Amino acid sequence: MSAPVRPVAPTALIAELTTALSPDRVRTSVTELEIYRRDASNIEGSAGIVCFPTTTVEVQACVRASVRHGWPFVARGSGTGLAGGATPLDGALVISTTKMNRILSIDTDERMAWVEPGVINLDLSRVTSRHGLHFAPDPSSQQSCSIGGNVANNSGGPHCLAEGVTNSHILALEVVLPDGEIVMLGGLEPECDAYDLRGVFVGSEGMFGIATRIAVRLTPNPPAVKTLLMAFADTGDGARTVSAIIAAGMLPAALEMMDAPITRAVEDFVHAGFPLDAAAILIVELDGQAHAVEADAQRAADVGWTHGATSVRIAANEAERALIWKGRKNAFGAIARIKPNYYLHDTVVPRAKLVDVLEQVYDIARRHDLIVMNVFHAGDGNLHPLLVFDKREPGVLDRVHAAGEEIVAASVAAGGVLSGEHGIGLEKRDYMSMMFSPVDLDLQARLRQAFDPTGLANPRKVLPSGSRCSDGMVAHGAGLWV
Amino acid sequence: MTGIDLSLFAIEVGEFGPVSVAGLSTRGGGVEGVRTVVAPSGIAWYNPEEMTVCCGASTPISELRARLSEAGQFVALPDFGTVGGALATASNSLFRLRHGPIRDSVLQIRLVTAQGEVAQAGGPTVKNVSGFDLCRLLVGSHGTLGFIGEVILRTRPSLGAVRWFTGTDDPFVIRRSLYRPSSVLWDGKTTWVALEGHACDVESEASRVRLEPVVGPPRFPPISSCVSPSDLRSVTSRMAPTSFVAELGTGIVHSSVLLARPCIDASVVTLQQRIKTTFDPEGRLNPGRAPWEVR
Numbered sequence: 001m002s003a004p005v006r007p008v009a010p011t012a013l014i015a016e017l018t019t020a021l022s023p024d025r026v027r028t029s030v031t032e033l034e035i036y037r038r039d040a041s042n043i044e045g046s047a048g049i050v051c052f053p054t055t056t057v058e059v060q061a062c063v064r065a066s067v068r069h070g071w072p073f074v075a076r077g078s079g080t081g082l083a084g085g086a087t088p089l090d091g092a093l094v095i096s097t098t099k100m101n102r103i104l105s106i107d108t109d110e111r112m113a114w115v116e117p118g119v120i121n122l123d124l125s126r127v128t129s130r131h132g133l134h135f136a137p138d139p140s141s142q143q144s145c146s147i148g149g150n151v152a153n154n155s156g157g158p159h160c161l162a163e164g165v166t167n168s169h170i171l172a173l174e175v176v177l178p179d180g181e182i183v184m185l186g187g188l189e190p191e192c193d194a195y196d197l198r199g200v201f202v203g204s205e206g207m208f209g210i211a212t213r214i215a216v217r218l219t220p221n222p223p224a225v226k227t228l229l230m231a232f233a234d235t236g237d238g239a240r241t242v243s244a245i246i247a248a249g250m251l252p253a254a255l256e257m258m259d260a261p262i263t264r265a266v267e268d269f270v271h272a273g274f275p276l277d278a279a280a281i282l283i284v285e286l287d288g289q290a291h292a293v294e295a296d297a298q299r300a301a302d303v304g305w306t307h308g309a310t311s312v313r314i315a316a317n318e319a320e321r322a323l324i325w326k327g328r329k330n331a332f333g334a335i336a337r338i339k340p341n342y343y344l345h346d347t348v349v350p351r352a353k354l355v356d357v358l359e360q361v362y363d364i365a366r367r368h369d370l371i372v373m374n375v376f377h378a379g380d381g382n383l384h385p386l387l388v389f390d391k392r393e394p395g396v397l398d399r400v401h402a403a404g405e406e407i408v409a410a411s412v413a414a415g416g417v418l419s420g421e422h423g424i425g426l427e428k429r430d431y432m433s434m435m436f437s438p439v440d441l442d443l444q445a446r447l448r449q450a451f452d453p454t455g456l457a458n459p460r461k462v463l464p465s466g467s468r469c470s471d472g473m474v475a476h477g478a479g480l481w482v
Numbered sequence: 001m002t003g004i005d006l007s008l009f010a011i012e013v014g015e016f017g018p019v020s021v022a023g024l025s026t027r028g029g030g031v032e033g034v035r036t037v038v039a040p041s042g043i044a045w046y047n048p049e050e051m052t053v054c055c056g057a058s059t060p061i062s063e064l065r066a067r068l069s070e071a072g073q074f075v076a077l078p079d080f081g082t083v084g085g086a087l088a089t090a091s092n093s094l095f096r097l098r099h100g101p102i103r104d105s106v107l108q109i110r111l112v113t114a115q116g117e118v119a120q121a122g123g124p125t126v127k128n129v130s131g132f133d134l135c136r137l138l139v140g141s142h143g144t145l146g147f148i149g150e151v152i153l154r155t156r157p158s159l160g161a162v163r164w165f166t167g168t169d170d171p172f173v174i175r176r177s178l179y180r181p182s183s184v185l186w187d188g189k190t191t192w193v194a195l196e197g198h199a200c201d202v203e204s205e206a207s208r209v210r211l212e213p214v215v216g217p218p219r220f221p222p223i224s225s226c227v228s229p230s231d232l233r234s235v236t237s238r239m240a241p242t243s244f245v246a247e248l249g250t251g252i253v254h255s256s257v258l259l260a261r262p263c264i265d266a267s268v269v270t271l272q273q274r275i276k277t278t279f280d281p282e283g284r285l286n287p288g289r290a291p292w293e294v295r
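Taken in order, these protein sequences are the chains called B and A.
According to my numbering, the first sequence holds residues 1 to 482 in order.
According to my numbering, the second sequence holds residues 1 to 295 in order.
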């Protein structure tokens, strides 16, 4: 697909930004703009300027300058988003938060910390681990994704089954609103605002402003952890085990499933000791206090055996446990050995529909002559079908997109939702009406309008065109999201 | 699974004129002198294996609890009133410290808008980031942005029987020493600790922190205030012992007076008002109520 025409950013805006920041932190060279025209999705846009503020006041200056010139702006963390949320459109100003990466304070008594948005997710947990604490959301990209990005996308991760996604772990947000005002949303005291603006800001994909300081809740590291690896000769048995574990009254810290193709790919790459003859493997992690963990590990193993597990292994030590997780979290790196490109999907279905929808996913891939692999948060019903392909093959992208749309439609038809943790961005913007009526979408658009009357904060994301927002400056066809 | 038909409720709310909503009126009820409507009641469906339950907004919390406990599950709601009333006022369980605020358990809300239309916020699955999180906006909005008609809540398996303990160490030290207490209460004199979990874990945790069994919880004075948990010690040091009960870790103080709190920032109030005007331009829903003024 040819690149969209890049509108040239106004020279006056560049000059203003250079004065407000410094020349070395305002970039406009063609090569640098190339890097920022997309996030980790396949969707390309065009950046007009990239700037690197280091303080809240500098972010405010960037936003104010952009608004003064009627120019769109997009906040960007590490750029690991998978839905095009941080992809700039129409030569937007990209405001990178990577230089705002300090952990400002840690309150071990109240189990919370203040951080800047560019702090890397895993770095926060590493630093707080010496106090026996961690930041619970753990996306697979946690080695590189930022807390600001987690806030924008309300990110999840394998351990969100028991602990909840990012929104449950954010106490307060200092935000530069789209009109340049600096406000504090939420607070350390409970129920401090009238409307929960902190709660709606989380997951607003950069369309309600830019978070510049974030108060996060820290979770105590569990005194005991047990990780089980179960193998199944039939994917359905694995999925039924997931439901049965929940039905038995257990809420594991994580319940992750991998099908045979991804298990083989990962095992070749990581050597995690995954069984290669299984149709599916299930990782069950239990954490908490010793007796409960011990008892639940035994019960979970029994549930596995009674539902047709061909093997159940309990990680004997921390090294073995770490290796299992290394295998799980590096699944996406492993597929590069099969085909050079991949398209990772993200939908949620009721747990009881997992088998049914998985079968449809395999069927969809077969019909479009594509390889599909599945590694997913089974406990949440959060599917991640991974279509692998070589984009040099003529016509393959059309097939990938057609298959993707069918997967989303099948998930919604099964009583599911469009996205469990990646967000809507550009990728699923035009699918929103699969799940929401015009009245539902109008309410979301009203909220966007209240936060951003000018519509310049990350325009044309999330809400399909035709919503009430003033975002619809340029009409784009459905083919944009490549 | 069929949800609740909200079309009659929407007709009652209508498109014009002031209208108010009430449940069991345990949290103040409707606006005086304004036509009052009541949302549908009853559990539409409950699916323990999915950990989800769907009910009408005016379902009594006691009815929901009874149903969930049959399957060994619970949802983090307070003890009294209706589900919708607890959501609209963001009222939480005494065990919030462990179970989280109720807003974290709301998956989907179907509401009637100021335009008299039925709308959906959120989605029915336990995980969902499809679009802006309007459920968050409705929880604590006191019926000023839309009237909640039906909710889908995330349930959780019961952690085991609640046991209450007391201890003689500094209550803040006790709270810090415990892994995940369900509640730590302090009245300036006595500390109450609620623990849930495997009986052996509760025993060993209690003995490790030198706690003794006690009858709890204490009776709460009528007015609740919110302070930052880190300010609890200094705030309560100015209050007479036994005149208050403070929830450590969450920052709620129950006493006979409303404690002064910092004003909401003017820009935040402007934003709140803008949201109200955008959702309800004529100000017809629960007229006169302005959550940013109720402190």
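Rather than coming from a laboratory, the hints here were simulated on the basis of the structure.
Incorrect hints may appear among the rest.
[Unchecked claim] Selected chain B positions facing chain A (Cβ under 10 angstroms, derived; list incomplete):
| no. | residue |
| --- | --- |
| 1 | Asn154 |
| 2 | Pro222 |
| 3 | Gly273 |
| 4 | Asp277 |
| 5 | Ala279 |
| 6 | Gln298 |
[To be verified] Quick list of simulated restraints, FRET-style, between CB atoms:
| no. | chain 1 | residue 1 | chain 2 | residue 2 | range |
| --- | --- | --- | --- | --- | --- |
| 7 | A | Arg219 | B | Gly273 | 53 to 59 angstroms |
| 8 | B | Pro438 | A | Pro221 | 19 to 25 angstroms |
| 9 | B | Arg102 | A | Asp79 | 40 to 46 angstroms |
| 10 | B | Arg64 | A | Asp79 | 22 to 28 angstroms |
| 11 | A | Glu49 | B | Ala402 | 31 to 37 angstroms |
| 12 | A | Glu212 | B | Ser105 | 50 to 56 angstroms |
| 13 | A | Asp231 | B | Glu359 | 30 to 36 angstroms |
| 14 | A | Ser230 | B | Arg64 | 32 to 38 angstroms |
| 15 | B | Val439 | A | Thr36 | 38 to 44 angstroms |
| 16 | B | Asp302 | A | Pro281 | 42 to 48 angstroms |
| 17 | B | Lys326 | A | Arg219 | 49 to 55 angstroms |
Since the structure is predicted, the reported quantities are computational estimates derived from the model, not experimental observations.
By construction, the Cβ of each residue, glycine as well, lies at the ideal position given by its N, Cα and C atoms.
- Message: Could you work out which of the previously given hints the structure breaks and list their numbers from low to high?
- Response: 3, 4, 5, 6, 8, 10, 12, 13, 15, 16
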